[in-house]
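In order, the protein sequences belong to chains A and B.
The first sequence runs contiguously to residue 114 in the working numbering.
The second sequence runs contiguously to residue 112 in the working numbering.
These are computed hints drawn from the structure, not numbers from a lab.
Careful: at least some of the hints might be erroneous.
To be verified - Have a look at the derived ranges for each label pair, beta carbon to beta carbon: (1) Leu-70(A) x Glu-56(B): 40 to 50 Å; (2) Gly-41(B) x Ala-20(A): 16 to 26 Å; (3) Gln-41(A) x Ser-52(B): 23 to 33 Å; (4) Gln-41(A) x Thr-58(B): 22 to 32 Å; (5) Ala-79(B) x Glu-52(A): 25 to 35 Å; (6) Ala-78(B) x Glu-68(A): 11 to 21 Å; (7) Glu-83(A) x Pro-82(B): 34 to 44 Å; (8) Asp-74(A) x Pro-82(B): 29 to 39 Å.
In this text, a Cβ means the ideal position worked out from N, Cα and C, and glycines have one as well.
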Amino acid sequence: EAGVVQSPRYKIIEKKQPVAFWCNPISGHNTLYWYLQNLGQGPELLIRYENEEAVDDSQLPKDRFSAERLKGVDSTLKIQPAELGDSAVYLCASGKTGAPYEQYFGPGTRLTVT
Amino acid sequence: KQEVTQIPAALSVPEGENLVLNCSFTDSAIYNLQWFRQDPGKGLTSLLLIQSSQREQTSGRLNASLDKSSGRSTLYIAASQPGDSATYLCAVEVQGAQKLVFGQGTRLTINP
Numbered sequence: 001e002a003g004v005v006q007s008p009r010y011k012i013i014e015k016k017q018p019v020a021f022w023c024n025p026i027s028g029h030n031t032l033y034w035y036l037q038n039l040g041q042g043p044e045l046l047i048r049y050e051n052e053e054a055v056d057d058s059q060l061p062k063d064r065f066s067a068e069r070l071k072g073v074d075s076t077l078k079i080q081p082a083e084l085g086d087s088a089v090y091l092c093a094s095g096k097t098g099a100p101y102e103q104y105f106g107p108g109t110r111l112t113v114t
Numbered sequence: 001k002q003e004v005t006q007i008p009a010a011l012s013v014p015e016g017e018n019l020v021l022n023c024s025f026t027d028s029a030i031y032n033l034q035w036f037r038q039d040p041g042k043g044l045t046s047l048l049l050i051q052s053s054q055r056e057q058t059s060g061r062l063n064a065s066l067d068k069s070s071g072r073s074t075l076y077i078a079a080s081q082p083g084d085s086a087t088y089l090c091a092v093e094v095q096g097a098q099k100l101v102f103g104q105g106t107r108l109t110i111n112p
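Okay, chain B solo, but in the shape it has when bound (with noise of 0.2 Å):
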C-alpha cells in the first residue's frame, strides 16, 4: 500500500528566505507526483506535477523535483513571500489506479 510522508508537520520562516519541503513515498511504481496548495477554508491548487519519467518541473519561484528510485521528492521556494502561507501537499498518482495518495501536508508560515 502506498503511502507519503511530508516533514515538517509545519514550518515557520523570515520573509525573502529559500526554503524546501520533502515528500516521501514507499512505492516507486506511479505515475507521476503534483504538489498542491491549500488556503484555508479552500480546496486544493494544483502547483507542479512531474511525470515519473522526469526529474523535475519549475513555475516561477517554486521548483519541485522528483527521484523515484528513493521514494523521495522536494519542493523549493525561492525569495519566500507572506502569500505564499499556506498548506502544501504532495500527492503520488498510484500506476494504474489512477488515484492521489496524499501526504498530509506542511503548514508553511512566512512571516513578515
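Just chain A, with the same shape it has in the complex (with noise of 0.2 Å):
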C-alpha cells in the first residue's frame, strides 16, 4: 500500500511570501493531521481532520496559517505571509478513525524562511 505522499520536499522563500504544502493521505484513512516540528524537537499538531471537518485546529496560528481538505482526501496547508520563525518541518499523517488510532507519517516538508 502506498504511504503518505507531501510536496514539495523542500521548500525555501523569503519572509512575507505565501507557501502552501500538499498531503495525499492513505487510501481509506479518514483521519488526516498536520504537525509542525522544529529542529531537534518532537512534532506538535496543528490541524487534524474527520474526513472534510476541522475537528481540533486549538493549535493553529489562524492569523497567518490556513488548511483545507476538500472532499475529504488531499489536504493542503497554507501560510501567509511567511515568517523567519515558521522554518520548519511540516509532517502531514493519516489514519482510520477508531481503536487504536494509529498514525502513519508522511515524509515532510522542509521549509527554509530567509
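Two chains, two separate frames, one set of hints: put the complex together.
Here it is, written out as C-alpha cells:
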C-alpha cells in the first residue's frame, strides 16, 4: 500500500511570501493530521481532520495559517505571509477513525524562510 | 496539559550493546503510547504501539514497556547495530482527544 505523500519535499522562500504544502493520505484513511516539527523537537499537532471537517484546530495560528481538505481526501496547508520563525518541517499523517488510532506519517516538507 | 520527556537527549554506544531509552509522561489518562523512529530528513516510522491496557510489546530486537501508573515507558534495543542509528521519539495518545503528544526525542548513534 502506498504511504502518505507530501509535496514539495523542500521549499525555500523569502519572508512575507506565501507558501502551500500538499498531502495525499493513505487510501481509506478518514483522519488526517498536520504537524509542525522544529529542529531538535518532537512534532506538535496543528490541525486534525475527520473526513472534510476540521475537528481540532486549536493549535493552528489562524492569523497566518490556513488548511483545507476538500472532498475529504487530499489536504493543503498554507502560510501567508511566512515569517522567519516558520522555518521547520511540516509533517502530514493519516489514520483510520477508531481504535487503536495509529498514525502513519509522510516524509515531511522542510520549509526555510529567509 | 500532557507533557512528555525523553532522557537522554543523545546516546552513543558501541555496536552489539543492549540499550534502554526512557520516556516519561505527566498525565496517566492516555489511550496508547507509541515509539517512532526518525531518520535524518525523513518522516516518522512507527516501531511499537502499546495500548493503555497492555504492559509491553515486542518486535524483533525491540521491546517496549509501559507503566501507566508511574507515567513511564522504556524502549529496549537488543544487540544494537549501526543501522539502528536514528532519533527515537515517544508519543502518547491523549485520551478523548485523538492527539499525539511527542517527546523531544533521543538521538541514538551506534558506533561500528
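Now the hints, each set against the structure:
no.: 1; hint: Leu-70(A) x Glu-56(B): 40 to 50 Å; verdict: holds, 42 Å
no.: 2; hint: Gly-41(B) x Ala-20(A): 16 to 26 Å; verdict: holds, 21 Å
no.: 3; hint: Gln-41(A) x Ser-52(B): 23 to 33 Å; verdict: holds, 25 Å
no.: 4; hint: Gln-41(A) x Thr-58(B): 22 to 32 Å; verdict: holds, 29 Å
no.: 5; hint: Ala-79(B) x Glu-52(A): 25 to 35 Å; verdict: violated, 47 Å
no.: 6; hint: Ala-78(B) x Glu-68(A): 11 to 21 Å; verdict: violated, 45 Å
no.: 7; hint: Glu-83(A) x Pro-82(B): 34 to 44 Å; verdict: holds, 39 Å
no.: 8; hint: Asp-74(A) x Pro-82(B): 29 to 39 Å; verdict: holds, 38 Å
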